[in-house]
Structures are given as C-alpha cells and as structure tokens.
Amino acid sequence: MSAPRRPLPAWAEIAALPLINIALAFVTVGIIVRIIGVDPFHALRFLVLGAIGSSEAIGYTLYYTTNFIFTGLAVAVAFHAGLFNIGGEGQAYIGGLGCGLAILAFDHFLPAWAMIPLAIAAATLFGAAWAAVPAWLQAWRGSHIVITTIMFNFVASALMVYLMVNVLIAPGSMTPQSRNFTASGKLPSMQEVLAAVGIQVAPSALNLSIVLAVFCCVGVWVFLWHTPWGYELRTMGHNPEAAVYAGTSIKRTTMLAMCLSGALAGFVGVNELMGVHQRIVLDFPAGYGFAGIAVALMGRSHPLGIVLAALLFGALQQGGAELAFEIPAITREMVVVIQGLIILFSGALAHLPRPWLQWMLALFASPRSGEVPAKRAEGS
Amino acid sequence: MTAIPAIELQGIQKSFGNVHAVRGVSLRIEKGAITGIVGENGAGKSTLMSILYGLYHADAGEIRVEGRAVRMENPRDAIAQGIGMVHQHFMLVGTFTVLENLVLGAEGGALLAGGLAAARAELARLAREYGLAVDPDALVADLSVGEQQRVEILKVLFRGARILILDEPSAVLTPQETDQLFRILATLRERGVTVVLITHKLREIMAATDHVYVMRQGQIVADRRTADTSPEELAELMVGRKVLMQLDKAPKRPGDVLLQADHLTLVDERGVRLLDDVGLELRAGEIVGIAGVSGNGQTELLQVLSGIRAPTGGRLVVRGRTIDPHHPTDPAEMRDLGVAHVPEDRLRQGMVAAFQAAETSILGYQEEPPFCRHYLMDGPAVGAHCAVLMERFDVRPRAPGLRSSSFSGGNQQKLVLAREMAREPKVLLVGQPTRGVDIGAIEFIHRELLKSRDQGCAVLVISVELDEILALADRILVMFAGRIVGEVPAGRADERTLGLMMAGAAPALSEVEGP
Amino acid sequence: MDDVLSFVFLMFAATLRVATPLVLCAMGGLFSEKSGIVDVGLEGKMLMAAFFAAATAAVTGSAWLGVAAAIVAAEAMALLHGFACITWRGNQVVSGVAINILAAGLTVVLGAAWFARGGQTPALESEQRLMPLFFPRAGDSILVYVALASVPLTWWIIERTRFGLRLRAVGEMPLAVDAAGISVAWLRYRAVLLCGLFAGLAGAYLSIAQNAGFSRDMTAGQGFIALAAIIFGKWRPFPAFGACLIFGLLDAVAIRLQGVEMPGMGEVPVQLIQALPYLLTMFLLAGFIGRAVAPKAAGVPYEKEH
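Those protein sequences? They're chains A, B and C, same order as listed. Going by this note's numbering, the residue at position 254 of the first sequence is 254; the numbering climbs one at a time, nothing skipped. Going by this note's numbering, the residue at position 122 of the second sequence is 122; the numbering climbs one at a time, nothing skipped. Going by this note's numbering, the residue at position 261 of the third sequence is 261; the numbering climbs one at a time, nothing skipped.
Some hints could be false.
For lysine-lysine, the following DSSO-like pairs were computed, each having C-alpha atoms within a straight-line distance of at most 30 Å [what the hints assert, rightly or not]:
{"no.": "1", "chain 1": "B", "residue 1": "K426", "chain 2": "B", "residue 2": "K451"}
{"no.": "2", "chain 1": "B", "residue 1": "K426", "chain 2": "B", "residue 2": "K201"}
{"no.": "3", "chain 1": "A", "residue 1": "K251", "chain 2": "C", "residue 2": "K296"}
{"no.": "4", "chain 1": "C", "residue 1": "K234", "chain 2": "A", "residue 2": "K251"}
Not the full set, but computed from the structure, chain B residues with beta-carbon under 7 Å of chain C [what the hints assert, rightly or not]:
{"no.": "5", "residue": "V70"}
{"no.": "6", "residue": "P75"}
{"no.": "7", "residue": "R76"}
{"no.": "8", "residue": "I79"}
{"no.": "9", "residue": "T226"}
Each pair of labels, with its calculated beta carbon distance range [what the hints assert, rightly or not]:
{"no.": "10", "chain 1": "A", "residue 1": "S173", "chain 2": "C", "residue 2": "R89", "range": "37 to 45 Å"}
{"no.": "11", "chain 1": "A", "residue 1": "M174", "chain 2": "C", "residue 2": "A149", "range": "47 to 55 Å"}
{"no.": "12", "chain 1": "B", "residue 1": "G295", "chain 2": "A", "residue 2": "V211", "range": "52 to 60 Å"}
{"no.": "13", "chain 1": "B", "residue 1": "A80", "chain 2": "C", "residue 2": "L148", "range": "40 to 48 Å"}
{"no.": "14", "chain 1": "B", "residue 1": "P251", "chain 2": "A", "residue 2": "H226", "range": "44 to 52 Å"}
{"no.": "15", "chain 1": "C", "residue 1": "F238", "chain 2": "B", "residue 2": "E129", "range": "38 to 46 Å"}
{"no.": "16", "chain 1": "C", "residue 1": "G118", "chain 2": "A", "residue 2": "Q177", "range": "19 to 27 Å"}
Calculated directly from the structure, the hints in this document are not laboratory data. Don't be surprised by glycine CBs; every beta carbon is placed ideally from N, CA and C.
With the hints as constraints, model all of the structure from the sequences given.
Shown next, in the form of structure tokens:
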C-alpha cells in the first residue's frame, strides 16, 4: 500500500474502471435479490424490459434521465470547484418553488412563450439562492459546506411543508398541493412535439425539459473548459493556493460554483412541475439530489459521462418501478439500494479494481513506450 | 577501521517505478563517530536512510547492525535495534505537550498516568546528560523550531537509540542554532552515540563530521575522512564536474525605482508582527537578494508584494499606484502593473499538478488575450504559447499536453519561470528559485535571472541558500523576525556577518563598513 | 409547586429520551472523527441497527438478541466505511453518504421482503422491548443509563489511556504515529469499530426502547444532529453531550408548543420548530458562537508520503 498510485491508460480510466465499478454494484444487488428469495436474472430481465421495452417505457426512462442530468451536473460543477454539494434535494425543491410561484403569479396574464422562460429563470434563481446561503457560510465563515447543505435540505423540507399546507394549498383541496397551472404554465410533452413533426410515440412524462438538459450539458462543458471563470473554478478545486496566486477570489468563486450548482438543481423543478404535474406538489425531488452524487461520480464529473450515467439511472428508475410492479417481493426501494451501492463503488471504492486492472494490463501489455519518467523526488 | 561498525549496508537497491533512487549502495558507519552523507537534492540520501529506518523496504541488499544481519520491516524494528531518526519535517503532534510527544509509541502501559510520570523523570535525566533543555509541559506548537528539533532528538534518545540519523537538520535553523546543534552532536559522540548526518551543505560536513560519504544519483561515489578533504573536492564529487561557485555577472546599472515599499507591516490575528516596518526599493536593472532563514517574514513579504495579502500598515508604490491598507490590491492587478511572481512553493502555489502543462502555463493570465477573447478561451493559442515557453526555457519533455506533475522539479520550475518572464515584467519577484532543482537547471535559472536584470527588469530574489544570494544579488538585504536588519552591497558581503544578521545578532547595524 | 416540579421532571425526562440516541451516536462519532475519519454515515448505521434490532426482537422474542443484532449490523456498516476509507483511501464523505442511502433502501427492501408490511417490522410486545427501569412515565430504559455512562467513559478512554493518546495523535498527525512504528490503519479501524458499537446501541434504542418497532426512515436526521453535536462540542465528549441535551430539549419543547399560541406571534408553525435544530446548527457553524477546530487530519486519507 506504500507504492504510489500509477495512472492507468486513458481508456481504462475513463471507460473500463467505471464499468467495473458498476458491475460490482450490480453483482452485489444480485446477491441481495437472491437473499430475499428472487432469481436475480429473472429480476434483471424485468428491469431491462421495463426500462426500454416499449416507447412508453423509453419515454419514462428519458424523463427520469432528465432529472438525473440536472442534479448530476449540479454536483459535478461543485466538485470541480472542490466543493461537495449534498444540498441538491433542497435546491431542487426550492427551485421548483420558484418556478411554481412565478407561474401561479403570472400564468393568467402571460402567454406560454413568455411564461415558460420566466418560470425557468425563477427556478434557477431560487435554486441558486438556496445554494448561496451554505456557499456564503463556507466562503465567509468557513462553515463546512457538507454539513450546511445537509442541514439546508431539512430546512427546505420543513419550509415547503409549511408553505404547501398553510399558504399555497388550492382552495378546497384535501392534499397539500397548489391549484393547477393554466395552459401557459405547461411545458409541452415530447409526444406533442414529436407528433408535430410527424413522429408518433406513446405518451409519457417526457417533456421539453430534456432539451433544456442537453443545453445545460453543453453550457456546463463550455463554461468549465472554455471560459476563464471555469478555469479559475477548476483551479480552485485542484489547488486553492494556486487559485489565489492566479488572482482568483476564493469567496466569489465559491459563490459562483454553488449558485450555478443550485441553479442546475433547480431545473428539476422545471421538469417536474412544469413538465409533469402542472401544479406545485410535495416531495418531487424524491432522491434525485442524492442520486446526482452517484451520477456525477460515475460520470467523472464530465457532461458526457454524466449523460451516460444519467441514462443508466433513468433506466434503473423506470425499470425498477416496473420490476416492483411485476415482482411484489421487490419494492421500489431496491432502486435506492442500487444507487447507494453505485455511490459506494464509484465513489469511495472507486480504486478497488485498480490492482486487478493493472495486473491484467501488465499481462497483455507491450513494452513501455514513450512513458515519461516520474519526476525527481525532492530532498531525498 | 577494524572495529565492528555500528551499521553496515551492502548492495542496497531501491526503485520507485522506473526511478532508481538507490543503486547498489554499500557503506560502513563507525560506532561513536559522526558520519556525513552528502549529496544534492535527489541523490538518494533520504531514501537510503528511510530504508535503514524501516520506512521503505529495499528491493535488494543487506543491513547489518553491530555486525548482525537484520530485516527492517518497519520503524519498530529500527527502534528495537537502537536506531533513531530525526526527520527534516518534524513528526510532532502540535496539540500535544512535549511529554506526550515523547511517550507516543512508548507509553509504558495501557493507562497513561504511570507512563507519563516515568517519562518525566527520564526526560529530566536525558536533559541533564546531553544538555537538551526543554519544558516537558509546553505545547509543541508553541515552541521555536530549534526547540522542536531538540524534542525530536529527545524522542529518539528516550527510546534508547544509540545510533542517531539526522536528515537535513539545519534546514530550518539559523547559523547560531546550527552551531548549537553541532555542539549537541559532539556531546552525543562523547557519550558513545553514533551519529549519521544527512545534508547537502558542505560547510556542515567540514565542521561537524569525522567521515563523509558522497552520493550522486543513487550511488556512493566517494568515501573520505573529513580531515583529508575539502569543500571544493566534495562539491566536485557531488556533481561530477567542477562547479563554478561564482557566475559571471556584468556590473549593474540600476535605473529608476519601479517598486518602493515603506514601513510595510503585517500583523496577524494573534497579534504577531509578521512584517515589521519593512522598507525596500527595487530598481530597474538590479537584483536585490533577501537572505534569511525561512520563517522570518520572507513568505509574508512576497505575499504582500505580489498582492496576495494586504499589509496592515505602511505602503507600497508600484509604477504610480499606491497600495496601502485602505487601497488594497490583488494578484491580478499586480500582474496588470507588470509585477510577476515566481512563488516559493511551485507545487502549492505556482502550478496546478493535475492540469496539463498548457493550462499551467497561463496560470494568472487566463483572462488575457490571446488566451481569452470575448470570454471564451482559445485552446490552440494556449497550447502554442506553452510550446514557445518550453522551447525558450528548455523544458523537457516538450509536451504541452502532459500533466504538470509529471515533469521533474527543475522542469516545473523552469516552466513557472518561463511563464512569468515571458510577460516581460517590470518587476520580477522570485522566491526560492532553485528549491528542489537539479544543478543543470540551477545554472540555467540563474542565467535567466541575470538576463532579465540586464534587460532592465527589477528583480527580487528571496532564498534560504546564502550561496545563491551571494552569486546573484547586486544588493543583499537580510530579514530576521519580519524586519530588514541589514543591507550590504554584494561586493562587501561575507557569510559570517550575514549569518549574524540572519540570527538577529548584529545589533542595530544598517550598513556594514559604511556606504 | 407540585405542578411545576412535575413539569420540570417531565421535560427533563423527555429531553433525555430524545437525547439518548444523539448522545450514543455522538460518542461513537467522536472516536471516528478524533482518529481522522469523518463520519457522515452515523444516520445510516443507526438506521440499519434499528431495523435489525426490531426484526430480531420480533422474530426471536428477545430484546437483548435484538441489541446484539443491532450492534452487528452497525459494525458491518462501520467496517464497510473503514474498508473504503482506510484501506482504500476513498473519499470519506462519499462513503458516508453511500452508507446512508444504502441503509435507507436496504432496511425497507429487507423489511418488506421479510415482514410484508411496507417496510415496518411487526409491533413489539413489552417482553420484546427494553422497558423503563425506574420511572415508567419517563421512559428510562437501560440504554438511557448506558448513554449517560458513555460520556465519562468516552472521555476517560480518550484522555487517560494509551489508546486514546494514539487516537488523538493519529487524527492530528498520522505521520508521527507511523514513524513511531504504530499502525495508523489498525488505530483507525478500532476507532471506526467503536463508532459502530455506539451507533448500534443508538439504533437499538430507537426501535426497541423508545418505540415498539421499526418504521421506515425512523432515524429522521438524528444521525446528522449527532454530527452537529460533535462539532458544537468542538470534538470533546462533555461539551458534545451538552449539545445533545440542548437539541433534545428543543425537540421536547417543540412537541409541547404545538398548537400553543405565543404572545404577539400567533401559533408557532410546527415546521419551524422542527427546523430549529438545523437552523441552530447553521448559526453555530457560521461561527457566531466561537470557532470549532476539527482534528487536523480529519477527512484526509493517510498515505505513506516520503
């Protein structure tokens, strides 16, 4: 354990290692499924079919994927700045609140083409604001962002319950939810959009926010690797002292990173409230915030990896729902277990397969070519 | 040499990946003598001693202690054999007292009370016998560096060490503290303790040791009685060729004052005066060197001059801009004013290890054209810039896409220097320019600094290596306890006087031998 | 007068009742944190322990077997955390988050599979629970006393034993410990195992002493509150205990204040009181009440440098 960790070739780092991490998670789940008396391969078949077995299933898979992309990007942006944003749940929640409030205020007066951008703006603003408080505490008071974001998730929960029950509840409703949005507060579903260009698909929850998700991916990529602020953010994440040396304000960059992160999480509200429910409801973040951590880890905090990881999670979510439906012994929480295992294997135990990979590569490797000698050790 | 040596090493080999740190080293350490192992950075001295102490396992070779072959699996084995190591970076727990640090690992029982009492008595005995006075209940974090080193020595003696290995012990001591240390080592020798001194400072070898081994690139290249050799011979053996102790320097022609600092003061939140009424001027075409043992305010001075930290008092004037506590600045603005900064610790401050060399080559300049236009960064331009830098400063390998951490220390430093000097700054601040850099790169860097000065740049070099200051500077300032305690023109500088100033022992002298 | 005394006594008892799992978790977490292993997974360990305690008690009829099962479950999670963080030098926060999520899912999956009640375990009879010892209305089961005793015990272990000295050292400067020839990993594993032990007791208390069975997500953030208490207490046992009491008191007060009109404010929203511990934590973390300095090496995986 005292030998320095040598990096594997690029393809192994980017593709093989993450795949092995996932495989390990799935094997573990298989064992758990076996323990509760179900045949794992039987379950796996239902999982896969449930996720992609029909155009309706694919639609739902992609709808879930959209949320995972948003929260995955949120966590990733913060990771690049060296910050661990566990507050995605709360930020998504409050982002949705912002979106809903904007619509409830203006949907009678504005047409869709004006209402939708306004609502999106509100979602990102509110999401960013919810992240800004822990960010400010970290930047100016040194409070550890992990703890403060966790705390703020609970605060968001309490706040939303209070608002829904006492303030925003639709008159005459028995459950805590707001009145329905008018037509201008609705994001068109993909079924409608595709039908307009002649493609027929089954109806599902999938809506235009997936396009927003793609834009966000591109935007994050450009921001992080092609703008000076992204450069400063990444510098800070790797080496805060170097960032200070480079003229970066740690405080401002922390705020920027977290606010962007919160804004991205806020998009979940757009998808859920404008795209699916058309009213404000409770508990719509439903674990997306935490799952975003897994998505970011698996996707190595890169937009492309995040999309792939989000697709996997979306498939799991949809497949898991179908699976729970088909096999009563397996509940929906199995998906939660899988998520937890993926976080474990892709995050904390990510380097577990390394020795085996390196050993296998050594078996097949050709003589080293062009490898740069390791740097001379100092002072030895 | 017929007595059984305290330690004998035969054919020790150690590699880290494809770096051969130690290649077939064999040597004998005589009992009751002080043996020096000298070599430059990267020669393998520390690795060799770490193997002896059980921190690393040798790939091949044999270790004998007092004639018996032993296997060193971990430091416990070494301690059991009576070997103690005093590391360059102290292994002390700051929040513990001296006594607690002493007993860590040798507590004498599951409950502390008894062990602590016994340790206290033993500590008193050791202090008497070896002249190492330290307050057992003081918090280590509150001790001076010299006192902390004494605690380290006491630690190894407490465990019954009869063989002491000291790794670059004087790196953080003033010359006076270093003399004190050598007196302690002499006392130890009188009491029959064997001492091994690892250092790269030739003066110490000559002053303190009986016998010296020279290491170069992982091998022993020479073996001498200290009385039979000289610093020049040792230096030549260390680097394998005649070393020019002096550089050819054109006489200076100082121009305008480009940076003026008056009464700079920096007080931290504990009230400690890190900088105390510091004044200096940097003129175009002149190299000002600041000598001093590290920890006397040099780091803070660089931070203030480069804009990383605002002074609490005094002011700084750079090309017309006045910087004081009410008008603070930041590194970005200082760069705009033409002040470039090569930081003391390149890995922690001057580079991002995980970035490609190309991205490191624009650190600090990421918002400037041609790297950035209309808020978008231009990847190819950045890469091209890096390639140019690498060519000009002979950075190897010429690979802008390579991770910055994969370059050797010397090449990293050259890249950082290249980056800062390529902007043709008016003022160049350089901290520890050749720390962890091999001899070839040292000469290159020194030549570049002189070139910069000849082209009219105002250069400030801060270094703990007095030789470097003496070689480069036109004017030498000495810092001690946050103050400038002396100023000497290069031609009149001598190491004794400078050493005294560095220890704060030269009373109220501002110039030596008049103007 | 009698009423006031009775009220004070009941408040005190309610505080202790709520504080007990917090105290146990906090003491466990202290060992881990002091050794340099950050533990965000207290919540997950407690949850797993609670489930296995209730499940075992329901199936075997023995509360003590339930406690044993709880400890085993929590230790399993603790070893997982240790394995990931110590042996594989993984990110400690990520590992903790993973354990929390894993526990949240696994407890329901197993619960539903084994008891078919949507994640709950069957309600426990008195014989299967740990009942109050001296004051039935106060709910002082034996684990409450264990929790109280755990505080001076933790202090004593950390301050007065060789193990405690080394533990503190490894959390500040693992290099010094390694150079002294002591195994950093073994020290940290022992710390993590101690953490598991206490978290297991905390979980058992929740499901078979404080309540009569396990229900999904019953820890409801108490593991995080325990973590907050450790930070408040500046990583010292007695101050952390004090913080647990304060939080326990808050919770006890919250229940009393429900539906009560406060002068000048109207009814205090339940949700505000529920959010108070978290808001208070944030205020304290904001440094408005002193600074808390974590063990220097906390969160940093140990690698032999040289």
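Proposed proximity, B/K451 with B/K426 (alpha carbon, max 30 Å): Roughly 13 Å between the alpha carbons, so the hint for B/K426 and B/K451 holds.
Is 52 to 60 Å right for how far apart the beta carbons of B/G295 and A/V211 are? For B/G295 and A/V211 the Cβ distance comes to about 58 Å; the hint holds.
Hold the hint about B/T226 up to the distance rule: shortest CB distance to chain C must be less than 7 Å. violated, 28 Å
Given B/I79 as an interface hint, is its Cβ closer than 7 Å to any Cβ of chain C? holds, 6 Å
Restraint check, 7 Å cut-off on beta carbons, for B/V70 near chain C: violated, 15 Å
Please verify whether A/K251 and C/K296 have alpha carbons no more than 30 Å apart. It holds: about 22 Å lies between the C-alpha atoms, which stays within 30 Å.
Determine whether the Cβ-Cβ distance between B/P251 and A/H226 falls within the hinted range of 44 to 52 Å. holds, 49 Å
Are C/F238 and B/E129 spaced within 38 to 46 Å by their CB atoms? For C/F238 and B/E129 the Cβ distance comes to about 41 Å; the hint holds.
Restraint check for B/K426 with B/K201, where alpha carbons must lie at most 30 Å apart: Not OK: B/K426 and B/K201 at ~34 Å, beyond 30 Å, violated.
C/R89 and A/S173 - C-beta distance against the hinted 37 to 45 Å: Given about 52 Å between the Cβ atoms, the range is violated.
Checking hints one by one. Is B/R76 an interface residue toward chain C, by the C-beta closer than 7 Å rule? holds, 3 Å
Taking the beta carbons of B/A80 and C/L148, is their distance inside 40 to 48 Å? holds, 44 Å
In this structure, the earlier hints numbered 2, 5, 9, 10 are contradicted, and the remaining ones agree with it.
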